[in-house]
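*Asks:* Protein chains in written order, with the UniProt record's numbering: chain G, 1 to 456; chain P, 1 to 456; chain E, 1 to 348; chain F, 1 to 348.
No wet-lab data here; the hints were simulated from the structure. Remember, predicted model here, so these are calculated numbers, not experimental data. C-beta: ideal position from N, C-alpha, C; glycine also.
Chain G residues, not near chain E, derived (Cβ > 12 Å throughout): (1) R43; (2) L46; (3) F50; (4) P55; (5) P60; (6) A69; (7) Y159; (8) I162; (9) Q288.
As a list, the in silico SDA-like pairs of lysine to any residue whose alpha-carbon atoms are at most 20 Å apart: (10) K150/P to R433/P; (11) K162/F to Q148/P; (12) K152/P to Q61/F; (13) K32/E to P383/P; (14) K152/G to C186/E; (15) K248/G to D225/E; (16) K150/P to R59/F; (17) K32/P to T437/P; (18) K150/P to G335/F; (19) K184/P to V330/F; (20) K165/E to R433/G; (21) K165/E to A10/P; (22) K150/G to C186/E.
Over the 10 Å line for every Cβ pair with chain G, so calculated as not near, a few chain E residues: (23) D23; (24) V34; (25) S90; (26) H150; (27) R152; (28) M208.
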Amino acid sequence: MAAAAAAVAAPAAPGPVVREGDTVIWDVNGDKQALVAVDGRSRVKLGTAFFSAAPLLGCPYGSMFTLSADGSTLERTQYTPLPDWDLPDDKPDFNTRTNDKLVQNDANQTLSAAEIEAMKASGAAGADIVAALAANSATFAAKTEFSQEKYKKKKAKKYIQIATVRRPTGATVAEAYFANSPAKTNYLRADTLALLLTLANVGAHARVLVVESCGGLVSAAALERTGGGVSPGSGVASAWAGGPTAKKPSLEIWRSFNFSQQQRAGLRFAPLSTLLEEARQAQQAAQQAGNGQQQDGQRQPQEAVQQDGPAAAGDAAEPMQQDGQPHGSEQQQQAEQPPGREDAQQQTAGGAAAAGGPRPPFDSCILAAPGISPLALVQHVLPLLAPSASLAVYSPWAQPLAEALDALRGQGQVANLALSEAWWRELQVLPLRTHPTMNMNHGGGYILSATVLAHR
Amino acid sequence: MAAAAAAVAAPAAPGPVVREGDTVIWDVNGDKQALVAVDGRSRVKLGTAFFSAAPLLGCPYGSMFTLSADGSTLERTQYTPLPDWDLPDDKPDFNTRTNDKLVQNDANQTLSAAEIEAMKASGAAGADIVAALAANSATFAAKTEFSQEKYKKKKAKKYIQIATVRRPTGATVAEAYFANSPAKTNYLRADTLALLLTLANVGAHARVLVVESCGGLVSAAALERTGGGVSPGSGVASAWAGGPTAKKPSLEIWRSFNFSQQQRAGLRFAPLSTLLEEARQAQQAAQQAGNGQQQDGQRQPQEAVQQDGPAAAGDAAEPMQQDGQPHGSEQQQQAEQPPGREDAQQQTAGGAAAAGGPRPPFDSCILAAPGISPLALVQHVLPLLAPSASLAVYSPWAQPLAEALDALRGQGQVANLALSEAWWRELQVLPLRTHPTMNMNHGGGYILSATVLAHR
Amino acid sequence: MKAVRVAANSSYNNKYGTFPHKDWLGRPYGSKAVAKKGGGWVLLLAPTPELWTAVLRHRTQILYVADISMVVSMLELRPGAVVLESGTGSGSLTHSLARAVAPTGHVWTFEFHEQRAQMAAKEFEENGLGGMVTVTQRDIEEGGFPEDMHGRADGVFLDLPKPYKVVPSAARCIRADGMFCSFSPCIEQVHRTAEALNANGFRDIRTMEILVRQHEVSRQLLLTDLDNPPAGPTKKQQRQAQAAAQRAAKRQKTAGGEGAAVAAAAAEEGTAAAAVGEGGAEGGAAAAAAAGGSSKPQEQAEQQGEQQQSGPQQAQQAQQQQRQVVHKPVPFGRGHTGYLTFARRVAA
Amino acid sequence: MKAVRVAANSSYNNKYGTFPHKDWLGRPYGSKAVAKKGGGWVLLLAPTPELWTAVLRHRTQILYVADISMVVSMLELRPGAVVLESGTGSGSLTHSLARAVAPTGHVWTFEFHEQRAQMAAKEFEENGLGGMVTVTQRDIEEGGFPEDMHGRADGVFLDLPKPYKVVPSAARCIRADGMFCSFSPCIEQVHRTAEALNANGFRDIRTMEILVRQHEVSRQLLLTDLDNPPAGPTKKQQRQAQAAAQRAAKRQKTAGGEGAAVAAAAAEEGTAAAAVGEGGAEGGAAAAAAAGGSSKPQEQAEQQGEQQQSGPQQAQQAQQQQRQVVHKPVPFGRGHTGYLTFARRVAA
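Sequences are here, hints too, so could you generate the full structure?
*Replies:* The structure is reproduced here in structure tokens:
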């Protein structure tokens, strides 16, 4: 143990640091998370008050903060290993306390509220207060080890306030929203999001179509996986239903991801009707060009792909063929964007990067808009998807997905149809106290997944 | 360990023994279960051959049998503690074997097939053969502890044949059918059966209505819980849909439960139409008798109950008021049975006991016939149920139950509507090898439960 | 949901009004009783072990319906059986054990904590289980079961921090082919218990978990015409759906805490009655549906609201949207109650 | 489902016929290719890590999609990241790690078993991952990761019998705020690993399980008129339903073993193609639906059978029965794959 504890001191190699303008997840005691854009003026909450976030700038992500002794500013605190593991776990009878004589009565604390306040005023650390509370509890010693643990945890939450600065990623942002304002991401659970990204085969070379009512979380997480502008033509098109005049829904969560301008350029917003029109135009162009190889560097719409040569067929294989030649250069890609396009218009507020992002056909598709009939939505977007594209559809309800599966089965449009449900559970792992957590989330929802077939 | 092992020798107090005519569960290695009626002539399978079951008679339930040294007869064998726990679990590094140099090749066994046969012919115990196989395997020592375990288990299943004689109960019969011929009990899992019995509040004083397509398993398990004739008027009515002329479905699993004649008398079979007619007649009789107390000892149909005094209201409370006065004596109960009733006719083959069993209203109801619309079935049986009766409906599919719940909600017919799903998982608990079993059954189905309200 | 003991001269009060018990006397269980003034009402349900479990006072962590079902089933209890329980705790399981062995069997239940033992004994008596359940204050972990229990038990159930210490005593109490069960939250306890069982004349040692997941049922409008969405924009509907979901979640939470009710046993003149659910005139079926998810009247009101808002386009809307009954697991539920370890006593 | 490497002069043979690869060249992924003789066909699908996982040769227990998704997500991998893996095993996870960090990142994967390391390296090369994945034969439990990996990893993944022995080395390799993950089937390994992580500069130690349950979708006829059941007796329908369920279960099983297919990478001329699903003329969509439950044509045939049998009573039957699309979990599935333990390296 001693040798192991020494290893804590060994510093890790440097990781990313908080820069001016970054959004961070301000995680207080693991209980409460807030997304905060950090600059010289922004403030963060610890306990019941707000403090300047300036001390965060330049600190490594993962840094922990607590209140300074005078309670006026935030200061970094060093991590120390949890004491939970100091208990000897080879003595089966160590937890000999039992609750046999415990009378239910809340007046067992001899430390007065005034005394606790005095400790706080004198700058005592939260940990000291918790220790004092335990020492002055008439019943603490008589509690079972299990109850002692519970008591200390409860008090610690009340008196120890430590915040961690977390870097926003698909996983951390999803968990922060789910824990604090799940309605904003339509209750999309982090494991379900992870499964959607996997089942839709999202990677650096993917051209991803997303239709979501999760505030933009799915689009942002997908963009993170494509790396934004890493591969020309790849990225995420985040689209919505309702025809050309429909208002763009709120999809602003990408702003929390600290994407670079180049990465942001891989993300476009557009109504589905615009994408369908692009697909139609591209198809016409392909038909005019005949059955031969296309010369203009434009991405092949799906119908063209069917009659195209090996290079086109290679497109869909890119995720596993990372050294294959992508089509079209980035400049061509940008040149394709007609000026004043609807999605560009709608990105004016805060959309610093030029409108980029992929055009149809897409080889990856995530549908996470449960308010739309899954069958209707799948059939609506099928013309936008390249043959062999991976498709994943999320709904909190199984039945609409089951009916979609039933209707799509055997129609020759998709293969590998599957309806899946994830079951996600955490465990507490501690000496003599190892068990799954007593509460869990049962609502991970359901995913319909499939592979798109070539049109006959 | 030594002291603990000594405790094994301490004999348990005697339990039930196998009697002529009993049905037993013949459980071979925990892998294969057969329900066998034991008498002097019946035979049971061990390995690939059948043997006389005569040695089972008079043995305590739980006895274990193996082949005699000459392989011709069954003989009892003593249980010894499993060796799995002899491994030291306080040495973290004991499993130092790794698979690093293991080449995939099946020719690593130096013991020949002929040698193994010779061992068997000479009467070697299966355990000895397994030990010899391990000792003569060139790769056994190089395997990880995990793989060694797997190897030994595989070989043990092949060479060690031990059968246990189990007493049929709701739990053991359900598990035996589920493991060996699940279609016969319509895939009803043991935990789901247990939940149905609980949610329907089945106990000694319950008058239970069962409609099932599980071969009679539900009816038999419910009868076991009511104790059959323990409380006069209590028991199980196992009914089916389809009008008075419908053929009785196969519901014969009760024959495996070794019910006494008295217990069997608590079980009746009848078409739902007969029960509905009984309820109508009883209601008419009650109306003719006016609003006063009934004098004839007949059970009150539900409409009468509504206008009845405190004693009637006490009926439904019986499960928790075990010392309350039940209505009607057993003789009265039997006298009520009209001779030549439909269910009595259908019980001629093997139904040794006189037809008894409860009449409407029922205070407990289990519907486990998923081929029937749950909503239609609930509404069909509601006139048979007493106010405050507990209702539990099983289906492998959630959607029909959800639609039933939706339709019943707010209609004032039932309260406490809930749609539940059980998740049942076993764990392997062994030194350094503790984990949930690698395979599990995902198909426990869904249960709709409710409490019946008084008709307005 | 509340347990109410009925007495002719007593009355039940809540925010929906005053309910004199004498109005309840003679009415069948499952009836709705109306308040003296105003339209408030309660449902009077007969007590069952399940309803009791929902309303009893928690003196300790209790067992819930799924674990209880497995325990009763796998201990192979039936009328006439004798079962030992330690500790008694809040008496949740005890009621189900009593139902299973009634009327000729017996539950011997032991509780280390003096006050708890007394409170449990009083409740069993009041709930009419006095003749079938005996509560004794005793330290089972240290002293084992009393010697006069040896060889008498068809089943033993342990819910103790160190069940492994009691295994030798349990082995002496359980008859051949009888069943043992231990409920433990932590895997380390299970591990030691399984080892002790293997060494003390038990076989068929099985450890399992059973969790129950509740599903909520709702009606959803799903958009089917993606080019021509209905007048009410999808986004607004989504907000409504979210708000409805939040309300449902809130209801779900309150259902656990203060929802519909039950219970209570014989009072004056051998009468028994119980109250399940409470509602004001405006909140019609809320109480009745408390355990079932959302309440219909509320939902219907919402649906009417939607329809009114779309007004004349109603027929068109039917083509653009699809109304569907759907279900999904309630988001938050129990993730673990405990591990159930069963074992069978080896035949002589 | 099978992985097929395409070569112009090669051909693929199965019981449905012979499929010359040259017929496949130039066709888009997702196409159906017909056999030289007879009506047999295969679907040509582009390889993905998920499809590869379904067809790869198991040299060890492999990770499946749910665990893989959590690992990639919680390790916070993205293009450009550097990740260390030990052991390589069958390379199932490695493909997904490579997809996540491509094209500018790198997967350093270590395998103790010599033969396995060589086979994995060959497969990565063939599947076009050669530039992004480096396989090294090394005993990580004894020697830790190579010193030149220190401070270079954004994430480390361990699938080893004694991961706790590697924690100090992992701590030296992972940069501040980087992530650690260990996959262990047994809780005892997890316990020691968590203790080692706490002592070696990690925090946010979380252990979790993720299981995926597949649902099968079918259409059921539910009896609604209980007094006048349709001509075909309920019992017969039940038998049919059971038989259909058994067939579905059988299909489900085969889907795992030999069902629809995938895979394969660049062959001659940089071309890549893959075969998913195989079918004879008579068994139409069977292969395509292999992963989706029952196959539609077969089901339609059954339905037609039912309808023909009931003949003229068809209209009446509609009133007596309700046809409904339903879903339920496939009965048997994985109950445990392993525990995933994550931890975050403490900032400097």
